[in-house]
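**Q** For reference, the chains in residue letters:
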Amino acid sequence: MPSVPVDQARIALLREAGVSVSEADVQRVSLSVRSSLAALQAAVSGTLFDTEPQTFDVVLRRLSNGVGRG
Amino acid sequence: MAEIADWTLVDTAGAIAARKVSALEVTEAILARIAKRQTLLNAFVRIDTDGARATAKAADDQLARGAAIGPLHGVPIAHKDMFYRPGVPVTCGSAIRRDFRPDYRATVLARLDAAGAVELGALNMSEFANGPTGVNVHYGATHNPWNTEHMTGGSSSGSGTAVAGRIAYGSLGSDTGGSIRLPAGVCGVYGMKPTQGRVSRYGAMGLSFSLDTIGPLTRTVRDCARLLKVIAGSDPDDPTAAMAPVDDYEAMLDGGIGGLRIAVPTNHYWDGMDSEIGAALEAALGTLAKLGARVHRCTVPYHEELRGLGNIVISAEFCTLHDDWLRNQHDDYAPLVRARMKQGYAFTAVEYLKAVQVRPRITKAFVDEVFGAADAVFLPVLRFPVPKIADVDVRDGLHMNEVLGSINHCTWPINYLGLPGLSVPAGFSKSGLPIGFQLVGRPFAEATLFRMASAYERETGWPERQPSLPS
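Protein chains in written order, with the numbering used here: chain X, 1 to 70; chain E, 71 to 541.
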């Protein structure tokens, strides 16, 4: 069975959500999805499997390093 | 002697506390200014003349009784129209919420009230804080006080133009992709996007619950430091508000910047830089170096990833919040806003959660790599002169993403990282429009950024310059 191109699959998601979709929407969403997913892939490649449980606020506090205080 | 409305926020608070002028006199001076400038700037969507006078009168009575007063006692300020107060309309810049009246009070407003501030009313903004230009199809575009044909930046558009146009001593905005730093930089004032969690978001309209921040816009660094100190801190009503203690920012302004290290990225943020803007930014770096900062060039990581990751998080969270309205009140949104929102439906739950899950790791890697050798990163606000409103009013045209993306190119990546960023005025173009830079710091290093900006401000005096507007 031939696979549906990612862009078209995402437009289908939008339509299934019950949101009206114009031709301009199709173009914008396709571009946005393509660039964002490429960025996501680059960011997470090989790293997520070992991601330990943490919350963002705790990470920020640890990274603050006391700078700016006192 | 300068007119009352031209005083700084801190000087005004000092004069009221010393009873050199009454809060009512100050409020009347500002209201008179608003009457002359509002039509030009379109900064306010609601002006509470009676409420401001009543609060000012009460402030004067309190002072006369010898009661303790707060650090903003009697000082008129205003806020982006997205902070809740019981019974008071909050439009969020939208048609959908034109008649919305919340039944509770935002923590930041409660803190401003406790500090004695006089609320002038609510400021114009991009619809649901979405859009970096200041164009709003429901309430009209805001106008730049330095040239009213030009954009103010957004989404805290009224907050930028009101302060630069000297019709409020300070204002509050929100920043999810640059919405404080852009209007501040474009209007020639200071704007602090604090560390994620530094300021409570309870009672503030949400755009992206992971990336939204609230912060001040002011004419001077000291004003900005005072306002942030008032609104920052933990909040039992907002579990995402940070528990970290709040620094005494004002007390740390005058320490000098000798030896502080400033990193200047040579990649991404300088791509396509206009020559005039680039020269102004180099001059600013020269001034910082002359003041003792150690400036070095570097490359910064992840800029492409940060744009894409931020896009996934913001658009997915934005359309999550608006899903019901988008289906049922589709035509009540501006075309640009609904077009941006729809992009959020195109990401799967797995992709969204990946973008959220990898955030701490990327932030740690960025901070370790960049801030191991720097106390702040120096970035442009805009890479080109402030555009005309007509040139950025793209509605939902095919080039919408390209135009909006070029405006928030330098501000957008910082929100995903959760880092603090301060927009600093750096002079004017030949055409008389403001130029600005950002100082970005480690988490909770707002005091360091204020200190750098304060040294630069003392040296250059940019906030002294006034736009040509009716007085």
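Incorrect hints may appear among the rest.
As the list claims (entries may be wrong) - Quick list of simulated restraints, FRET-style, between CB atoms: (1) Arg62(X) - Pro540(E): 49 to 55 Å; (2) Asn65(X) - Ala105(E): 47 to 53 Å; (3) Thr369(E) - Arg15(X): 23 to 29 Å; (4) Glu374(E) - Val26(X): 20 to 26 Å; (5) Thr336(E) - Leu31(X): 24 to 30 Å; (6) Pro5(X) - Val426(E): 32 to 38 Å; (7) Glu219(E) - Arg62(X): 43 to 49 Å; (8) Gly328(E) - Arg62(X): 44 to 50 Å; (9) Glu219(E) - Arg34(X): 24 to 30 Å.
What the hints assert, rightly or not - Reference excerpt, derived from the structure (chain E facing chain X, CB under 7 Å, subset only): (10) Pro371; (11) Glu374; (12) Glu472; (13) Gly475; (14) Gly488.
To be verified - Partner residues aside, some chain X positions facing chain E, computed with beta carbon under 10 Å: (15) Asp7; (16) Ile11; (17) Ser35; (18) Leu37.
None of these hints come from the bench; they were simulated from the model. Ideal Cβ positions, reconstructed from N, Cα and C, are used throughout, including at glycine.
**Q** If a hint holds in the structure, say so; if it doesn't, say that too.
**A** Against the structure, the hints come out as follows:
1. Arg62(X) - Pro540(E): 49 to 55 Å: With a Cβ separation near 52 Å, Arg62(X) and Pro540(E) satisfy 49 to 55 Å, so the hint holds.
2. Asn65(X) - Ala105(E): 47 to 53 Å: With a Cβ separation near 49 Å, Asn65(X) and Ala105(E) satisfy 47 to 53 Å, so the hint holds.
3. Thr369(E) - Arg15(X): 23 to 29 Å: Between Thr369(E) and Arg15(X), where Cβ atoms are some 42 Å apart, the hint is violated.
4. Glu374(E) - Val26(X): 20 to 26 Å: 24 Å, holds
5. Thr336(E) - Leu31(X): 24 to 30 Å: 27 Å, holds
6. Pro5(X) - Val426(E): 32 to 38 Å: Violated - the Cβ-Cβ distance for Pro5(X) and Val426(E), about 26 Å, lies outside 32 to 38 Å.
7. Glu219(E) - Arg62(X): 43 to 49 Å: 47 Å, holds
8. Gly328(E) - Arg62(X): 44 to 50 Å: Once the Cβ atoms are compared, 28 Å apart, the range 44 to 50 Å for Arg62(X) and Gly328(E) is violated.
9. Glu219(E) - Arg34(X): 24 to 30 Å: 36 Å, violated
10. Pro371: 11 Å, violated
11. Glu374: At 6 Å from the nearest chain X Cβ, Glu374(E) passes the 7 Å test, so the hint holds.
12. Glu472: Nearest chain X Cβ about 9 Å off; hint violated.
13. Gly475: 10 Å, violated
14. Gly488: 6 Å, holds
15. Asp7: Cβ of Asp7(X) sits 9 Å from chain E, so the hint holds.
16. Ile11: 7 Å, holds
17. Ser35: 6 Å, holds
18. Leu37: 7 Å, holds
Violated hints, in rising order: 3, 6, 8, 9, 10, 12 and 13; the structure is consistent with all others.
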